[in-house]
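Visitor: Respectively, the protein sequence lines represent chains L and S. Read left to right, the first sequence gives residues 1396 to 1688 (the working numbering). Read left to right, the second sequence gives residues 1396 to 1688 (the working numbering).
Worth flagging that the hints you see were computed from the coordinates, not collected in a lab. Bear in mind that the values here come from a model prediction, so they are computed numbers and not experimental data.
In this list, chains with the same sequence are indistinguishable; a pair is considered to hold if it fits within one copy or across any two.
Straight-line distance between alpha carbons at most 25 angstroms, and here's what the computed DMTMM-like set of lysine to aspartate or glutamate pairs gives: (1) K1411 with D1681; (2) K1632 with D1681; (3) K1608 with D1563; (4) K1425 with D1535.
Number of protein chains: 2
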Amino acid sequence: MSDNFADRLLEAIARKGSPVCVGLDPAFDKLPDELKTLPPERAFVEFCSAVIEAVANVVPAVKPQIAYFERYGHAGVAAYEQVVHLARQAGLIVIGDVKRNDIGSTAAEYAAGHLGIADGPDAITINGYLGADGIAPFLDVAKANGKGVFVLVRTSNPSAGAIQDFADGSGRKFYEHMAQQVAALGEQPGLVGQQGYSCLGAVVGATWPGEAKALRQIMPRQLFLVPGYGAQGATAKDCAASFKSGGVGAIVNASRSVLYAFRDKAHAGTNWRDAIGQAAKVFAQDIRSAVNH
Amino acid sequence: MSDNFADRLLEAIARKGSPVCVGLDPAFDKLPDELKTLPPERAFVEFCSAVIEAVANVVPAVKPQIAYFERYGHAGVAAYEQVVHLARQAGLIVIGDVKRNDIGSTAAEYAAGHLGIADGPDAITINGYLGADGIAPFLDVAKANGKGVFVLVRTSNPSAGAIQDFADGSGRKFYEHMAQQVAALGEQPGLVGQQGYSCLGAVVGATWPGEAKALRQIMPRQLFLVPGYGAQGATAKDCAASFKSGGVGAIVNASRSVLYAFRDKAHAGTNWRDAIGQAAKVFAQDIRSAVNH
Chain L
1396 MSDNFADRLL EAIARKGSPV CVGLDPAFDK LPDELKTLPP ERAFVEFCSA VIEAVANVVP
1456 AVKPQIAYFE RYGHAGVAAY EQVVHLARQA GLIVIGDVKR NDIGSTAAEY AAGHLGIADG
1516 PDAITINGYL GADGIAPFLD VAKANGKGVF VLVRTSNPSA GAIQDFADGS GRKFYEHMAQ
1576 QVAALGEQPG LVGQQGYSCL GAVVGATWPG EAKALRQIMP RQLFLVPGYG AQGATAKDCA
1636 ASFKSGGVGA IVNASRSVLY AFRDKAHAGT NWRDAIGQAA KVFAQDIRSA VNH
Chain S
1396 MSDNFADRLL EAIARKGSPV CVGLDPAFDK LPDELKTLPP ERAFVEFCSA VIEAVANVVP
1456 AVKPQIAYFE RYGHAGVAAY EQVVHLARQA GLIVIGDVKR NDIGSTAAEY AAGHLGIADG
1516 PDAITINGYL GADGIAPFLD VAKANGKGVF VLVRTSNPSA GAIQDFADGS GRKFYEHMAQ
1576 QVAALGEQPG LVGQQGYSCL GAVVGATWPG EAKALRQIMP RQLFLVPGYG AQGATAKDCA
1636 ASFKSGGVGA IVNASRSVLY AFRDKAHAGT NWRDAIGQAA KVFAQDIRSA VNH
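This is chain L alone, in the form it adopts within the complex:
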């Protein structure tokens, strides 16, 4: 097996048959009642452990969102580390959604902490606002450890456009400029795997399918991490715009629509673990159909 992150992720997707990822965003208020007697950080480990077990046969990857853990300080971060460990033990690829960013010397510290440890996440998200010298330290550590990085290019939230659509005189948008930087950085020696994709990927929100199509052209070697499905409003068809023909090149994330499926009337009477497993299957099937269409 190749130790390039892009190859590893693509192999995992092929094995599971679905290019999807479940986000681990544990909000204490929304947890099953039986877990609310525990302190938040313990409840999060219990909950995420159950989610991991429920989805491990369905999806190739999970994406723990560190903000939900960090809310509870260092005890929350310890829970995040434990969740990453449990997901890796279950054979899942782990994408730590941390969106870290800083000047080079400081970025090197984040890179060491998040990508430099064997039992840490397989990849993380980062924010590229500081440019190439803020991205380079993450790439260096990723390359040395067979890990990956996804740079925010076009985010899924409502006001993304007010910043990211800023255009130059020729109509080229700022997010396209960011995409070009990512494409160039991702072609550096040692980053592109056997399947032609770089371990430097991009975050491209599913809520903007027109933009995703254009970005697919600018970044042929980037794997797209695609948030926005479900609770944020994007459909499977919207997500399909991030894939190349042949249904390869992206992985779609769903968080709330899977995690909290047990709160949905459609799952009334089903225990929460089964509801999560069923929702993950429906999600995977939905994306598979749209992508292979």
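Following the hints, complete the assembly by docking chain S onto the known chain L.
Guide: The following block gives chain S in isolation, referenced to the frame of chain L:
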């Protein structure tokens, strides 16, 4: 005393007489030898505690950089929390340099974790790439708790320009666009203090004095947090561009040039605590002279 963050910071600057801040960026390799026998997270608390003691009479604020702590996982984050606590106990304003960012619902988690706790930092830095709905949750929590937020506008690193100088057809730069968004968001009800400044400030690197002058016009109500002095190459004169006439409106940060002053030949024979205190005084004097010029 006003509980608006901008008022609090300006009062603290007036009390100490110097608009400066010392960055707490503890790198294990660079620590005094006597601390290297401790595990990193304990060494960091010892070191930062000594730095706080050495500079508390000279500077109004410190800026712990969480990346250096996060490198050591949850144990490092616990050390960060302790350093924040010690700095507050010493009467210093604490700016947590965390550069967090995400979509609204997730940003609310970061905001609660970093600005929603009484003994946490007085302000944090954030990255505005996701636009207004990613910034709003930080402002909500800051307003409710008398805390502050600094949005990255123009960073101090060498490749900042390749991203942030992207210009529209009229020559307006992307960082100016970001500055306009920050200026507008910072004028919302309840954010501007008695001295006319908003609790929403901006990070403006000292390494680009021409840009800082233009940004000073676009953001009249923003306090500028100015990194880049010393190790990053900016002079006190470069930093002065971020102040309004009268020498108000900004706070300049120095990290490495103060923290590791004891490694400098100029301080040979001085114990490391004294060297740090002396370097902080020289730094404060240097900025004071340039700003009041």
